[in-house]
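According to my numbering, the sequence shown holds residues 176 to 471 in order.
No lab work stands behind these hints: they were computed from the structure.
The beta-carbon is built from N, C-alpha and C at its ideal position, and this holds for glycine as well.
Any given hint might turn out to be false.
[As the list claims (entries may be wrong)] With beta-carbon atoms standing in for the labels, derived distance ranges: (1) W334 x L187: 48 to 58 Å; (2) P192 x R382: 28 to 38 Å; (3) I205 x W334: 26 to 36 Å; (4) L321 x V272: 22 to 32 Å; (5) L240 x P192: 37 to 47 Å.
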Amino acid sequence: MRKGIRNWGPPLLLISPTIVLLGIFVYVMIGQNFYTAMTKDSALSASEFVGLQNFTDLLTEPRFLHSLANLGIFTVFFMVGTMLFGFLWAWMLDKGVTAEGVFRSVYLFPMAVSFVASGVVWRWLLSSAQGDRASGLNRLLESVGLGGLQNDWYNQPLWGMAAMAMPAIWQLSGYVMALFLSGFRGIPEELREAARMDGASEWKLYRHVIFPQLHPVALSALVIVAHMSLKVFDLIMAVTGPVYITEVPATYMWTALTGGEYGKASAIATVLLLLVCIFIVPYLISTARAERRARK
Numbered sequence: 176m177r178k179g180i181r182n183w184g185p186p187l188l189l190i191s192p193t194i195v196l197l198g199i200f201v202y203v204m205i206g207q208n209f210y211t212a213m214t215k216d217s218a219l220s221a222s223e224f225v226g227l228q229n230f231t232d233l234l235t236e237p238r239f240l241h242s243l244a245n246l247g248i249f250t251v252f253f254m255v256g257t258m259l260f261g262f263l264w265a266w267m268l269d270k271g272v273t274a275e276g277v278f279r280s281v282y283l284f285p286m287a288v289s290f291v292a293s294g295v296v297w298r299w300l301l302s303s304a305q306g307d308r309a310s311g312l313n314r315l316l317e318s319v320g321l322g323g324l325q326n327d328w329y330n331q332p333l334w335g336m337a338a339m340a341m342p343a344i345w346q347l348s349g350y351v352m353a354l355f356l357s358g359f360r361g362i363p364e365e366l367r368e369a370a371r372m373d374g375a376s377e378w379k380l381y382r383h384v385i386f387p388q389l390h391p392v393a394l395s396a397l398v399i400v401a402h403m404s405l406k407v408f409d410l411i412m413a414v415t416g417p418v419y420i421t422e423v424p425a426t427y428m429w430t431a432l433t434g435g436e437y438g439k440a441s442a443i444a445t446v447l448l449l450l451v452c453i454f455i456v457p458y459l460i461s462t463a464r465a466e467r468r469a470r471k
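Can you make the complete structure from the sequences, with help from the hints?
Quick look at the structure:
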């Protein structure tokens, strides 16, 4: 018994401050938020326990459903755009380009810019003014003779969130590129040469050799991008502010919180946590199973 304590006691003592802080400021806060979500707590009335009423009210509220629809459109375009451009850039760098270091720096530079700073610039780029008053992308389209492509960008009722995904794609495609590039560079050259010697075409080489090797990297990138898109807040606040047309659950939560509706804000935060868990938990389970199979 004493020998066991000597073995695991010092490591446990070493990480105990992290465990305590993590328990208080993460899990206790999550529990407190969930409790608040089950109360009718606001700045205008006393706290009253109402169970799951806040959640049922949210799921039948047109405004919240509108924010979920906006989030869905944003997430789809954001995930597809970042995965597509990230893979293409990584593929081009892996094939070999002149001044690769310069290109890597250019692609990765947007990651160093905060969503707030880039949002201010993209607010000007996505200006909906057209004609003589056009600016940003609309002015560029007019100057190259494509004035017919000018549009309202994020002010469009249906596809405005697709335009909102453009700054996020620009900012995080370089990160996905870095993940894919590490995957490409981690594939032994011997595998490629062996496939070519067996008569595999370039398409079959990618389909049967390279793509299977990139599966873990692609899954990790997909999970990271998905959970970041679900929590988007600062970009939308910087570009449009808390307006209805581009509202997502995170900005709606901010509006409810600043309006003194603490119970509703906590319920929205809980829904966001559950949405993130939908992507994260299956990934963690599959990773743990893969590690167990690797040990065997």
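Structure versus earlier hints - violations, ascending order: Number 2 - this is the single hint that the structure violates.
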